[in-house]
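Engineer: Line order of the protein sequences matches chains A and B. Residue 1 is where the first sequence starts when you use my numbering, and the numbers rise one by one after that. Residue 1001 is where the second sequence starts when you use my numbering, and the numbers rise one by one after that.
Hints are computed from structural coordinates only; laboratory data are not their basis. You can trust all of the hints, since none of them are fake.
Heads up, simulated SDA-like pairs for lysine to any residue below, C-alpha to C-alpha not over 20 Å straight-line:
1. A:Lys312 x B:Leu1122
2. B:Lys1115 x A:Tyr261
3. A:Lys70 x B:Arg1110
4. A:Lys70 x B:Leu1111
5. A:Lys183 x B:Asn1258
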Amino acid sequence: MRKRHFSFIALLLVLGLFTVMVLGCPAPADDAVAEPDPVEPDPVRVGAIYSIPDPARGGGWDRAQYAGLKTLETEFGWELSIAEAVEFPKLAETAAEFAERGFDIVIFTSSAHVDAWKEVAPQYPDTWFLLMSVTETLPESDNVAAWVPDMYVYGTMVGALAAMASETGTIGAIGGMPIPALKLMYSGIIEGAKAINPDSEVLVDWVGDWVDVPKHSEVTRLQIERGADVIFAVTGPGTKGVLDGAEAGNALVIGYAADWYDDAPGAILTSVLVDTPPMYRELAEAFNAGTLTKGINQLTAVNFTLADFRGKLPDAEAQIKETIAKIQRGEIQIPRVMHELE
Amino acid sequence: MSEGWLAPFLLATLRAATPLIFCALSVVLAERAGVIHIGVEGVMLAGALAGLLGVVFWGDAYVGILFSLLVGLILGLLLALITVYLPSDQVVTGIVFNIFSLGVTSFIFRLAAEKNAAVQALIPVMPGSVFGLSPFMVLALVLTVFMWWFMFRTGPGLKIRSMGEDAHAAHAAGINVVITRMLILTAAAALSALGGAALTIGWVRSFTDNITLGRGFIALAAAYCGRWNPLLATAACILFGAGEALAFRAQAAGEGLNPHYFLMIPYLLTLLVVAVAGKGRAPADVGRPYVRR
Chain A
1 MRKRHFSFIA LLLVLGLFTV MVLGCPAPAD DAVAEPDPVE PDPVRVGAIY
51 SIPDPARGGG WDRAQYAGLK TLETEFGWEL SIAEAVEFPK LAETAAEFAE
101 RGFDIVIFTS SAHVDAWKEV APQYPDTWFL LMSVTETLPE SDNVAAWVPD
151 MYVYGTMVGA LAAMASETGT IGAIGGMPIP ALKLMYSGII EGAKAINPDS
201 EVLVDWVGDW VDVPKHSEVT RLQIERGADV IFAVTGPGTK GVLDGAEAGN
251 ALVIGYAADW YDDAPGAILT SVLVDTPPMY RELAEAFNAG TLTKGINQLT
301 AVNFTLADFR GKLPDAEAQI KETIAKIQRG EIQIPRVMHE LE
Chain B
1001 MSEGWLAPFL LATLRAATPL IFCALSVVLA ERAGVIHIGV EGVMLAGALA
1051 GLLGVVFWGD AYVGILFSLL VGLILGLLLA LITVYLPSDQ VVTGIVFNIF
1101 SLGVTSFIFR LAAEKNAAVQ ALIPVMPGSV FGLSPFMVLA LVLTVFMWWF
1151 MFRTGPGLKI RSMGEDAHAA HAAGINVVIT RMLILTAAAA LSALGGAALT
1201 IGWVRSFTDN ITLGRGFIAL AAAYCGRWNP LLATAACILF GAGEALAFRA
1251 QAAGEGLNPH YFLMIPYLLT LLVVAVAGKG RAPADVGRPY VRR
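If we strip away everything but chain A, and leave its shape as in the complex, we get:
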């Protein structure tokens, strides 16, 4: 038995050594002698923290943030490092690690990160700690700022759009967990839908997590069984389940924050986008100019835009766009009513 173990370990070592040798071989040297680079200032270093895996393809908010973050790299030449799938108990530790390693800015991307944000920011006054999600209060230090979307207004736009697109008058709203930001948004959906069609019904269901794709699919199918023909979902990677369930039940989905069309061309009606690149440009310009200050920056209706309909609902598209524009301009007033959404 020992001989077998020895042979197996030896085999693994040889394979490992071979892999290291192959991967470690230097690329053929370029004949041209490289000119020494002129001395440039170190780029600004940004650490972003996500609690979900693969944020570039995760939930809508994560995707939208990812697109904004990328502008820091591509337009400003900043160095971007992303920590993904960071569990909640490790958030503060991860943020502190970025600060210890000399990062200039640490970005939290979820409202569930608020506690860690408040814990770490006062400990590292030379690092900026930014929150890109819903909060009403700031940490007890000067090195903090937040960009906060008005989730209620966003919800009213989704609700109005869904009510105009729905033939049954029943709209499905699916959430990962009943967090305050989603209760606020879904209250907006209910009121937005009522503003267009007073008889409309909004079914609100919580999946219980953000990532379980099969569960999301089943909840969507169930909402369609109950009459929903337009679905909106705010969740994480589980969104793929929503798209699957909607396609199976011939329902339409309104994408959240980012354009979801490529994920399910047959199911996506349009998406209500959160236009993040301007937000990140504003942040980068303020940082470069030294004018970044403590405070909460609100994202309002003008920051929320409609993605291309790509031929879905050709008869109603113009009217929908006009109605959404009226909401943006404040010509349609929708009351702010909070609903109990357990």
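Dock chain B against the given chain A, drawing on the hints supplied.
Structural biologist: Just chain B now, with coordinates in the frame of chain A:
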């Protein structure tokens, strides 16, 4: 519940149960032969990704299934080499393998997504689905009956069970325990991978990191709950599937209550069944590395 709820409820139950059934059968097969199959979760995850990649890159659901089976066979052989041939600790190896699989599948998924964006989108509905029943559902039920017949009504089945009860006695009776266990574990892993393919090709038509989310472990519990009998293990999987289907329907009907109460239903049901079923007797030699005296 609204009129006509029964058929959708049964379909939802079967959808949730099908991937579990394949994995539970794989656990029954491996453990009846005396090898603990903790790695079921990792193989299921790898099979789920392989199936989806097969569909995306070769454009056919059945090629995806074959690719998933192939990956399952390779991983099963690797597991068999480590846990049966060497032999190392089966539980530790299974746990490490699951962690390894999670990392590798996430890595490969990202590479594949960079190469072909279609990996991120929904794949087409599997051909051959009738009345909402995917071919996987039918195959799972057929395999259950076949495995029961094979395990309890045939000579090779008896030989497999004898290895699980006393490997040395089986050896004395002329069975090559090492080779047979390696073959069985390899076949069991292929079944686990098929469970993963049933999830991604037959159900949600997509993949995300860790998409199985512990379903392999639930299948493991179903096999134990079903006392290593294919029929009972499948019944346990269907019960869990019914619990999942019921959880969301109860949430829809019980507005005003915290949704987490309803989401607990499948797990409470499983606990209840385990408690009522009492302690089953596992194959006596399961988990013990076989070293020829």
